[in-house]
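Using the sequences and the hints, build the whole thing.
These protein sequences, in sequence, are chains A and B. Numbering of the first sequence is given in the numbering used here, commencing with residue 1 and proceeding in unit increments. Numbering of the second sequence is given in the numbering used here, commencing with residue 1 and proceeding in unit increments.
Misleading hints may appear alongside valid ones.
As a list, the in silico BS3-like pairs of lysine-lysine whose alpha-carbon atoms are at most 27 Å apart [unchecked claim]: (1) A:K192 <-> B:K31; (2) A:K231 <-> A:K192; (3) B:K164 <-> A:K167.
Now the in silico label distances, taken between C-beta atoms and shown as ranges [stated by the list, open to error]: (4) B:D121 <-> A:T244: 42 to 50 Å; (5) A:M217 <-> B:G148: 34 to 42 Å; (6) A:V198 <-> B:K31: 12 to 20 Å; (7) A:D256 <-> B:F95: 45 to 53 Å; (8) B:N53 <-> A:G194: 32 to 40 Å; (9) A:G133 <-> B:E96: 49 to 57 Å; (10) B:H25 <-> A:D215: 22 to 30 Å.
To be clear, the hints were calculated from the coordinates, so they are not data collected in a lab. These numbers come from a predicted model, not from an experiment. No residue lacks a Cβ here, since even glycine has one placed at the ideal position from N, Cα and C.
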Amino acid sequence: METETLARSVRIDAVGLSHAGKVRSANEDHFAIMVLHRSIQLRSTNLQDTTILDRLRRPEVNILVVADGVGGAIGGKLASGVAVRSVVEYLAEAVGCVQDFDVDREQTFLDHLSRAVERGHDRLKAMFQAHGGPATTLTMVTVVWPRAYVVHVGDSRGYYLRNGTLKQFTRDQTMGDYLVDIGAVTEQHAQKAGLYNVLSSAVGGDLVPSVGVVDLMEGDTLLLCSDGLTKHVADERIAQVLGTNDPETAAQSLIDAALEGGGSDNVTVVVARGNAE
Amino acid sequence: MIQKKVCMVGVFGTGKTSLVQRYVHSLFSSKYHSTVGVKIDRKQVRVGETDVNLLLWDVEGRTAEQEIPASYLRGAHAVLFVADGTRRETFDQLFELRELTRSAAGDIPSIVALNKVDLTDQWTLTAADTAKLIAAGFHTLTTSAKTGEGVEDAFRWIGVATMKDAAPAAQAQVRHGN
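Below is the structure:
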């Protein structure tokens with residue numbers, strides 16, 4: 001029962017910002033922040049048995065998405081837009097999966113989240129049947145407090161800050177990371193050959209989603225971002241910004257830091273924090 | 001299809017992620033990445049006439065600063081404990097980790113992988129250690145994510161165990177490095 005009480009008393013404050021950067025003319029990044037809730041609030045009753053509340057109260061679901069398109073200004077923008085729009089549409093249609101959610105069936109819930117990403121992939125594949133059409137990264141975190149479900153494709157990133165320590169819960173899906181991991185090339189070679197700029201998994205490309213779970217604690221701060229942030233702002237600076245600001249100020253400060261660092265790419269951040277109500 | 005949640009549990013750096021990588025993707029990475037939270041992979045296995053989807057929850061390793069959250073273990077059908085045969089302390093903590101798992105998921109089939117058996121010159125465990133595990137009811141085998149030794153056997157045992165009313169009797173398929 002303690003967990004249920006906690007689940008009802010935590011509010012997720014989330015802010016997203018996106019900027020084209022200082023070099024590129026178009027912004028190929030997209031983000032979305034959604035809240036799904038279908039519940040009945042029993043304001044007053046003289047019923048003796050109020051356990052009915054437990055059945056009527058459904059978990060609020062917060063969904064955060066960041067996508068970074070690749071494939072040229074128009075194609076990349078289109079790809080990330082299609083991917084994010086598809087996720088929004090799928091989850092709106094499948095809102096029943098939220099209604100039915102419970103821990104025992106969380107794999108089914110995770111399957112729905114993966115399917116939401118696959119819909120964007122299928123749409124892009126249908127739109128660009130030729131090989132080498134536009135593609136996009138996509139990092140989606142779905143919070144059913146205190147659990148955060150992660151579906152991740154590409155090299156956008158997800159972090160959380162807890163007690164001043166920043167942890168990255170996604171792993172970059174690039175050819176550089178893959179080939180270094182299997183020992184085929186050295187990090188230096190991968191860097192020199194630009195392999196860290198080539199995605200090994202992408203929505204609209206070769207889709208190999210990574211799925212995971214992170215349990216959050218009150219006061220944790222989540223960050224989803226495109227690589228336009230992380231190529232210019234070190235983890236230490238990100239931790240400092242997240243740890244000393246509210247989500248809105250933190251999001252703006254991170255964008256500013258990326259621009260100050262060069263702003264060579266589009267930069268998108270979504271910052272979210274669970275606060276007791 | 002029948003789905004079974006299998007948790008990979010152990011101290012940090014014992015090779016849980018590498019075992020899953022070897023089993024699911026036939027890959028081995030010598031570069032260490034610590035897992036944050038849980039990474040979930042799946043693999044379909046055939047047990048008798050039944051296809052079973054193993055949902056492999058690669059749970060972040062226990063550290064001195066952070067206990068494994070019990071919430072990750074809830075609802076598990078089996079657990080694969082992983083110890084690093086070259087780091088004795090990772091073996092010593094197996095029994096505490098089993099208590100944690102029991103309190104979160106009950107008495108579920110459990111297997112111990114004594115991993116990194118390819119590092120024979122650094123191996124710290126003995127036949128007496130294996131006997132201790134068997135006496136405690138753990139099915140035990142030695143594995144190497146690097147060479148693949150024992151990996152298929154470990155997950156095959158889990159597939160079978162999740163489909164039985166009672167786990168198969170604990171046995172050892174162990175090759176000590178020293």
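Hint check:
1. A:K192 <-> B:K31: holds, 19 Å
2. A:K231 <-> A:K192: The given pair, whose Cα atoms are some 16 Å apart, holds under the 27 Å limit.
3. B:K164 <-> A:K167: violated, 39 Å
4. B:D121 <-> A:T244: 42 to 50 Å: Given a distance of about 49 Å, which is inside 42 to 50 Å, the answer is holds.
5. A:M217 <-> B:G148: 34 to 42 Å: For B:G148 against A:M217, whose Cβ atoms are near 38 Å apart, the range 34 to 42 Å holds.
6. A:V198 <-> B:K31: 12 to 20 Å: With Cβ atoms ~18 Å apart, the hint holds.
7. A:D256 <-> B:F95: 45 to 53 Å: holds, 51 Å
8. B:N53 <-> A:G194: 32 to 40 Å: holds, 38 Å
9. A:G133 <-> B:E96: 49 to 57 Å: holds, 52 Å
10. B:H25 <-> A:D215: 22 to 30 Å: holds, 26 Å
Consistency note: the structure conflicts with earlier hint 3 alone.
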